[in-house]
Structures are given as C-alpha cells and as structure tokens.
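A.B. asks: Generate coordinates for the entire structure from the input sequences, incorporating the hints supplied.
Residue numbers (the numbering used here), protein chains in the order written: chain A, 1 to 121; chain B, 1 to 894.
Note that these hints are calculated values from the structure, not bench results. Given the structure is predicted, the values throughout are model-derived calculations rather than measurements. Wrong hints could be hidden among the right ones.
As the list claims (entries may be wrong) - If you anchor each label on the Cβ, the simulated ranges turn out as follows:
id	chain 1	residue 1	chain 2	residue 2	range
1	B	Asp25	A	Gln65	27 to 35 Å
2	B	Arg892	A	Gln65	50 to 58 Å
3	A	Gln65	B	Leu110	50 to 58 Å
4	B	Gly45	A	His98	25 to 33 Å
Glycine residues also receive a C-beta, built at the ideal position from the N, C-alpha and C atoms.
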Amino acid sequence: MAKKESYKNRIELLQGTLDMLILQTLQWGPQHGYGIVQALRTRSGEVLQVETGSLYPALHRLERQGWVSSEWRQTESNQRARSYQITPAGKEQLLSDHSRWQQMVEAIAAVMQVSPAGGDE
Amino acid sequence: MKFWRRRADDIDEEISTHLAMAVADREQQGEPSEEARRAAKREFGNPLLVRETTRRVWIGEWVDHLLQDLSYAWRQIRRSPGFSLTVIATLALGLGATAAMFTVVERVLLQTLFYPEPQRLVLPAESGRRGDRESMPLPDIEEWQQREQSFEDIAFSNSAVGRSFLEGDAAAEQVGHYLVSTNLFSVLGVRPAMGRGFTYDGQKPFAHAGDEKTIVLSDAAWRDAFGGRKDILGRIVRISGQPYTVVGVMPRGFSFPWNSSRPQVWTAAHFDPSDDSRNALNALYKLYIPIARLKRGVSVAKADAELKVIQADVAKLYTDPYARNLVTSATVKPYGESLVKPEVRKALLALFGAAGVLWLIACVNVTGLLLARAAVRQREIAIRGALGASRGRIVRQLMLEGMILSTGGSLLGLALAVGLLKAFAHNLATQLKVKGAMPDGRVIAVLLALTIGSAVLSAMWPAVSSARAAIEPALRQGTGGQAGQSREQHRLRAALVVTQIALSLMLLVSCGLLLRTIYALRHAPLGFRTDHILVGSMAIPSYRFAGRDLTSDLYSPMLERVRALPGVEAATLMTEVPLGHTFNVTFSFSAQGNSADAVRKRDFRAQLRVVGPDAQKVFGFKLYKGRYFNEGDTAGSQGVVVVNRAFVKEFSQSNDPDKVMGERLMNLEKDRPAIVVGILDDSRQVSVAEQSQPEMEFYLPQLKPDSSLYKNVEGIAMDIVVRTDRPSASIVPEIKELMRRASPELANTEFVTMDQIVEDSYGNQQIMARLLIVFGCAALLLCLSGLYGLLTQLVAQRTREIGVRMALGADRGRVIWMVMRQAGRMLAAGALAGLALVYFTGKLVSGFLYGVGAYDLWTLAAISVLLLASGLAAAYLPARRAAAIDPMEALRTE
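C.D. replies: Here is the structure:
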C-alpha cells in the first residue's frame with residue numbers, strides 16, 4: 001500500500017516536468033521511447049531514471065494533445081520502432097513550460113535560501 | 001472497437017521494442033544475453049501496468065467526450081419536453097407495430113423446428129388428378145425407400161383413430177396419439193431425454209416382438225399426467241383403456257407433428273397384412289404420412305426430380321385406373337414450409353408490410369420534426385461551431401440526441417408491442433395458433449436494429465445538414481426562433497409530409513377494403529341463426545362407455561335436465577356445430593368401376609353431421625323441401641337422412657330436388673337403408689366466405705351403438721348446443737354443474753357463444769381488418785401531426801410577411817385561404833401519390849377480399865374524402881392562428 005502511494009506521488013510530482021523533459025529531448029531530433037530514456041539518463045549524468053510507467057502514458061498524452069506526433073520507423077539496427085517527433089505546437093508548449101519552470105526554480109530557490117541572506121535586505 | 005484494439009496492439013509492440021532495445025544495448029556492453037534480458041525486464045517494470053495506463057490515456061478521452069455529449073443531449077431533450085415526447089411517441093407507434101408483427105411473423109413463419117438440421121427434413125407426397133395426397137399406402141413408401149437415392153431415410157406416421165385419452169395419476173386427459181414407424185425419431189434426429197425409445201434394426205420399421213405395446217411420451221404428457229415422476233420408465237400407462245409400457249420420454253420442446261396444441265404420445269405402428277395392399281377401398285386407416293431426411297448436400301429440387309421418376313413406375317403398380325389417376329406424380333417439399341398455410345403466410349406478410357409502412361411513416365415524421373428542430377437550433381449550432389466544435393463532434397452530438405430519443409421510443413414501443421399482442425391474443429390463438437406470444441430476445445435484437453436504423457435515418461440527415469450550414473449568416477440572424485431556413489429545406493419537409501399522406505392513404509384504403517370485407521362477411525346469408533346460442537364441445541373418454549349407448553345413457557338424460565333450466569328455450573346435441581372446426585367427418589361413396597358416373601361418385605365428398613332432436617329449433621335451419629327429423633324417427637323406424645341443396649347439385653348434377661328425394665343413399669346399419677326425406681337450404685358450414693358444401697345429416701335417436709356411424713362419428717365427438725336468453729356468465733355455471741353430475745369428465749367442457757364461433761371463422765380477414773384499423777389510424781394520426789407541425793412552423797416564420805400583407809389590406813379570409821391552399825396542395829399531391837400506390841397494393845390485398853373489389857370506387861372515394869377533410873381540419877388551426885396575427889405587433893417584432 002505504502003509503496004503504491006509513493007509511486008503515485010512520484011508521477012504527480014514529475015508530471016509537468018516530465019512532459020517538459022520529453023519535449024526538450026525531442027527538440028534534438030525524433031526519438032523512440034527507449035531512446036528518450038537513455039538520452040535523459042546520459043544528459044542528467046545518470047541521475048534521472050524515468051519510469052516506463054510514466055514515460056509511455058506521458059508520450060501518448062502529449063500525442064493526444066498534438067504536441068508530438070509519432071510514426072513507425074525502421075531503426076539502424078533494422079528494428080521497427082515508434083518514433084516521436086515534436087510538433088510546432090509542442091515547441092510553443094516547450095517554450096512556455098520552460099519559462100514557467102524557470103520562474104518556479106527561481107521562486108523555490110528564493111524561498112530555500114538560508115535565512116541570514118534574507119536578513120541582509 | 002477495432003480502433004481500440006489497434007491502439008492496444010500498438011502499445012504492446014512499442015513495449016516489446018523497448019525491451020528488445022534495452023537487451024541489445026546491454027549485450028553490446030558485454031553482458032551475457034540471459035542476464036541482459038533479466039536486467040532489462042527488471043528495469044522496465046510491469047509491462048501490463050504500462051500498457052493499461054497508456055491505453056487509458058486514449059480511452060479516457062473518448063469516454064469523456066461521449067459522456068459530455070450525452071449529458072448535453074439529455075439537457076437538450078429535457079429542455080423541450082413537448083418535442084421530445086412527440087418524437088418518442090411517434091417512434092413508439094412505428095416500432096411497436098413492427099415489433100408486434102415481427103413477433104407474430106417470427107412465431108409463425110420463422111419458427112425454428114426442434115429437430116437438428118431441419119432444412120433436410122422433407123415431406124414427400126403423391127399427387128394426381130385431385131391434387132396432393134399427403135397420406136399413402138405402405139407399399140409406395142417402401143418403394144421410395146428402396147429406390148430414392150436422395151433420402152437418407154424415410155419414416156411415416158398416422159394419427160390414431162378417434163380421440164385418445166391418457167389416463168394419468170389424477171385424471172384422463174385428451175392427447176394427440178400417433179402411430180409411428182420405429183425409425184421416426186432417428187429420421188427427425190432427436191433421441192428421447194429418458195429411455196431407449198423404439199428399437200429399429202434397419203428392417204421393416206414396425207413394432208417388433210416385445211415392442212408392440214410400448215409408448216413414448218412427450219415431455220408435456222409426462223409432466224401433465226404423471227407430474228414428471230422419475231420412475232416412469234417401464235411403467236404401464238393406459239391410452240383409452242389400452243395398456244402400454246413406457247420406453248421413453250422425449251425432450252422438452254419436442255413435438256411431432258410440429259406445434260400441436262395437445263400433449264402427444266407415440267406408439268409403434270403395427271404391421272398388418274393389409275398394410276401391404278394398395279387397395280384403396282379398405283385403406284382408410286391404412287394410409288401413412290411419410291417424412292424423409294435428405295442426404296447431406298442434396299437439394300430439395302433434386303430429390304423432387306428423382307421422386308417424380310420413381311413415382312411414374314409406382315403409379316403403374318395401381319391396377320384400378322381411378323386410383324392410379326390420383327397418384328400419377330409426386331412432390332417433395334420442405335417440412336418447415338408445409339407447416340404454414342399459404343394464405344396465412346400471405347396474410348402475415350401483408351400485415352408485416354403494413355407495419356413496415358407505419359414504421360416508415362413514423363421515421364419520415366420524426367425526420368420532419370428533427371429537421372424543423374435543427375432549423376430552430378441553427379444559431380445554437382453555429383455558436384458551437386464558432387467556439388471551436390468540430391463538425392464531427394456536432395454531428396455526433398445531434399446523433400446522440402436522436403439515439404436517446406429513439407431508445408425512449410423503442411422502450412415505449414416494446415411496451416406497446418406487448419399491449420398489442422395481449423389485445424389480439426384471442427385472434428392470434430384462433431387464427432394463427434399462436435399462444436402467449438411475447439417479444440423474445442430475437443425480437444428485441446431486431447427492435448434495437450430498427451432503433452439504431454431509425455436514429456441514424458432520422459437524426460443523421462438534419463445533423464449533417466445543420467453541421468454543414470455556414471456559420472456566419474446563422475450568427476448574424478436576429479431572433480433565434482425564426483432563424484432562416486432555406487427554400488430547399490421547406491421543399492424537403494413538404495415532400496416528407498406528402499410522402500406520409502400517400503403512405504397513410506394506402507394503409508387506410510387497405511383497411512377500408514377489409515372493413516368492407518368484414519361487413520360483407522357479417523351480412524353473408526349463413527342459413528342459420530347465431531344469436532343467443534351457447535356451444536359446449538364435449539371431450540369425453542368414450543372408451544369407458546364401450547358397448548353402451550352414450551346418447552341414451554349419458555347425453556339424453558343430461559340434455560333433459562339442461563332443458564329444464566330456467567331461461568333455456570331449446571337445447572340439442574350435434575356432432576359439430578356449423579363453422580365449428582372441432583371435429584370434421586367427410587363422407588365418400590365406395591363406388592366401383594371407372595365409368596364417368598362412378599368416377600364422379602368416387603370423387604364426391606359430403607360433410608357428415610349427426611344431430612339431435614330440436615336442432616332446428618335451436619339453429620332455425622330453413623327447409624327447402626320435404627321435412628326435418630321428428631319424434632317419429634326412432635331406432636326402430638325407417639332410416640332417414642336430410643341433405644342440403646349443395647348436395648343435390650353435386651350428387652344429381654342438377655338443381656332438381658326430386659332427383660334426390662326418396663333416394664337410398666346409404667345404410668344406417670346392415671340392411672337398414674336411409675332414404676332422403678328432406679332438403680335443407682344452403683348454409684355456410686365450413687367458413688363464412690366459402691359457399692355451401694354438400695352435407696348429409698343423420699338423426700341421433702336412429703343410430704345404434706354398433707353401427708359404424710355411431711363408432712366413427714357419434715361416439716367420438718359431441719357438441720351440446722343451448723338456445724337461451726340468459727347471459728352466458730349466469731347460465732354456463734349451472735349447465736356445467738349439471739354436466740359434472742352426469743360425468744366428472746364433462747366438467748371441463750368449454751362454452752363459447754355461436755356468435756363468437758362465427759366471428760372466429762372469418763379467419764385471417766378478421767385479424768387483418770383489426771390490425772389494419774390500428775395501423776391505419778396510427779398512420780392518419782401521424783400524418784396529420786406532420787402536416788399540422790409543418791404548417792404551424794410555416795405560419796410562425798411568415799408572421800412578418802403576413803403582417804405586411806394585412807397592413808396592405810389583405811383580409812383575414814384571404815390569409816386563411818393562403819394557408820389552406822398550401823395544405824390543400826400537399827394533401828392533393830399526397831392523395832394522388834397514395835392512389836398510385838393503391839394501384840399496386842390492390843393486387844396484394846385482392847386475395848383477402850370478399851364481396852368487394854380491390855379498386856372499389858366507394859371505398860377509394862370515402863377514404864380520400866376522410867383524409868382530405870381531416871387534413872384540412874388539421875390545417876385550419878394554424879390558418880386561424882395566421883389570420884389572428886395583429887399586423888402592428890407582427891411588424892414591431894423585429
């Protein structure tokens with residue numbers, strides 16, 4: 001029970017951010033699900049490990065909203081894989097997500113700064 | 001549904017690709033493949049969960065939109081209850097009629113026989129100069145069995161002579177008793193649910209030693225008579241006093257012949273040397289009805305062709321030319337087809353067609369209503385479009401509205417169908433032998449198909465057209481209620497109304513013709529009185545009175561007591577009342593030779609009736625010549641017989657009664673000839689619509705228990721007929737009490753009035769006329785409401801124009817005239833189109849008419865006038881509303 005709860009929490013925590021991260025990854029070029037996981041892991045210095053249980057629903061949700069499009073393609077290793085591509089609408093979304101995330105990070109950082117610094121003002 | 005499945009497969013493939021890639025990656029890094037696979041799986045997590053959550057992303061949206069559209073549609077329906085109720089009621093009328101008719105058609109025409117592969121069961125029959133002959137002597141059947149290659153096997157049966165009673169644990173019950181070949185059940189392909197059935201060794205399919213006195217019970221007989229007791233096998237049961245050992249109980253739902261109303265029992269037919277003869281003279285009870293099972297893959301047509309070749313040889317075996325002429329050819333027909341009389345099939349299909357037309361009218365009407373509504377809602381739809389709703393979404397939402405309405409309509413329609421079936425239960429039972437018909441799963445399935453059909457039909461078109469409408473002009477229009485409607489749409493709606501009028505006229509004319517038919521039937525000269533007569537058909541286990549005279553021992557003393565009841569004017573006994581259809585005996589002469597006269601005599605068939613004293617007093621038969629029976633005719637006096645004029649005509653080939661009067665027709669018993677003493681005026685004995693048949697009447701007090709007339713006629717069936725002024729509800733219990741005291745078995749006698757018997761004998765016309773009244777009135781109502789609705793809307797839309805006209809000096813009369821003229825044009829066009837349709841339906845209904853032509857001018861004129869008058873009456877209301885428009889106000893509204 002407790003485990004389930006934590007799993008759920010993580011999805012919710014990640015939701016906004018995960019969409020943004022996926023869109024950002026696709027910004028660099030079309031990619032399939034496995035590729036996105038790998039890309040995020042290497043880019044984050046092995047810190048971010050995206051759960052497939054969150055990744056695929058997120059991908060499909062993005063597709064439903066028209067921010068990414070998908071098609072079945074042949075990979076270099078001659079394997080059929082569904083490849084995702086960011087759409088113009090997705091790019092706009094990424095921009096607004098990005099700026100909102102930036103505001104959020106700044107705001108959180110401001111709150112989290114040690115109190116003496118606040119006292120200086 | 002397909003879309004969902006594809007999506008799910010897609011996700012599955014995506015997941016497996018993901019896993020494959022992960023494994024490949026790890027292998028490249030040098031991990032052993034087994035370990036790589038396990039690690040990749042561990043890393044991936046639960047694929048099922050991934051698949052489910054991913055799929056839900058899509059389903060969720062779909063369901064979400066559907067729920068949104070549904071609740072919106074529901075709100076729309078709630079907002080205009082008048083409109084919604086009209087649509088639902090209209091659809092209910094159409095669907096209810098169709099569902100009720102389909103139930104009946106299904107029960108009668110599409111009935112599924114209990115037997116496996118019923119399409120392979122066929123009835124072979126000999127045919128010749130006098131048409132098909134369903135029963136035949138055994139040698140012919142054997143010849144067929146040996147030579148016909150198309151048959152897998154052939155069985156035969158014959159019903160037992162007279163009435164049979166099964167003595168159960170409590171009481172004796174009348175059953176259908178059939179003597180069957182021992183291979184019958186295997187030909188039918190059904191094994192007993194309990195017991196072994198009859199043994200059959202592939203030789204002669206007659207009862208074998210040890211099997212002579214065995215019996216197989218139907219499930220109904222087993223339950224009715226023995227309460228379904230499990231130890232029935234091996235027990236001795238009695239059929240009309242004869243003991244039989246039970247060797248089987250058939251499964252529930254099985255019957256043969258199919259669909260009989262009584263519980264059935266079967267015993268193995270006994271071989272008798274006379275079975276091997278083709279001699280037609282003593283073969284009355286030695287004829288069998290064959291039934292065959294075709295080999296797999298053999299067509300009925302092929303079997304038929306083959307049998308015709310064989311029958312040419314079989315016919316040569318008949319030495320008597322007269323008999324040979326009756327069997328020159330043979331036919332093979334599907335068994336299922338033989339169960340429905342052609343005229344019943346035609347009547348049912350005609351009624352089904354009428355119900356279909358009513359359904360069509362309802363759909364057309366609903367389309368008109370929805371069209372009008374779409375016009376009113378154009379602005380609302382335009383706003384939704386402007387706010388970004390896709391065309392598909394708008395169409396779907398409007399279709400959902402149609403679906404909800406038609407679901408409501410079909411639920412109500414189902415209730416209506418049940419009501420209709422209940423209301424017509426009596427007619428269905430007497431004319432079509434359909435008892436307790438209720439819509440079943442299949443009917444409900446068809447109803448659903450019709451619902452969806454009508455929803456698509458009636459909601460789709462307005463939905464598409466309004467979704468196609470340009471958004472801008474609709475938005476720019478002022479008040480919502482009068483949003484512009486194109487000329488095209490008006491014309492379409494007018495065309496719909498005209499269609500409805502035409503179809504209604506067609507239905508009403510058919511209905512009118514059948515009403516005329518019923519009227520003609522009611523006034524057909526029956527030749528006897530039918531008022532104030534009660535008839536009880538007595539089913540008595542007469543075998544218990546073997547050797548005794550039922551008439552003197554039982555019937556006569558009881559009749560005396562019935563006569564003594566207050567209010568009884570006269571009472572008599574009769575083997576069967578005219579039009580009764582409970583017991584039918586025909587008489588034929590056993591002439592020899594093949595001269596023209598002998599052939600005529602051998603072809604001659606007469607109805608046979610035995611009557612008691614006072615029969616004339618009860619029925620008021622009119623005598624044409626001579627005298628009726630009287631007290632002087634006794635068991636010891638000269639034998640007498642009374643015939644009718646049809647008999648004279650057929651028998652003497654002339655209308656001269658003197659050629660028959662005094663003639664010795666037959667012997668009452670050995671050396672006791674009966675002479676013709678009277679000739680009755682013709683009466684309708686078989687059916688009201690049929691001309692009189694030749695008839696011979698005998699007098700009850702003259703017959704002795706050992707005479708063949710007594711054994712075959714009098715001792716088997718008897719009706720008690722009472723003329724009384726008292727209502728049947730008050731006198732029947734008293735009569736029944738007297739009968740119960742005479743013999744307990746008689747207490748179950750059912751009484752009906754003679755008027756009811758006459759009514760029931762009208763046959764298909766009666767039920768057709770009644771149903772057509774329902775359908776015709778419903779159609780009229782629908783088309784009037786369609787006309788009224790259209791005109792009301794037109795007047796509302798033209799308020800401004802009418803205002804201007806009146807301001808410029810048009811008086812109210814002119815305005816009324818303007819609206820009425822429009823209605824008149826539609827009515828005239830509809831009536832003309834309807835009359836054209838009547839030309840075609842006339843050919844269909846002509847077969848059901850009696851005493852009136854299919855293109856009867858009076859009927860056509862009367863129906864047309866009725867339709868025009870009621871149409872104009874419906875138009876007058878909107879016309880008056882138009883004339884009541886105040887010009888000042890009308891001009892000010894905009």
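A.B. asks: A separate judgement is required for each hint: does it hold in the structure or not?
C.D. replies: Verification of the supplied hints:
1. Asp25(B) / Gln65(A): 27 to 35 Å: Holds - the Cβ-Cβ distance for Asp25(B) and Gln65(A), about 30 Å, lies within 27 to 35 Å.
2. Arg892(B) / Gln65(A): 50 to 58 Å: holds, 51 Å
3. Gln65(A) / Leu110(B): 50 to 58 Å: holds, 52 Å
4. Gly45(B) / His98(A): 25 to 33 Å: holds, 29 Å
Of the hints listed earlier, there is not a single one the structure fails to meet.
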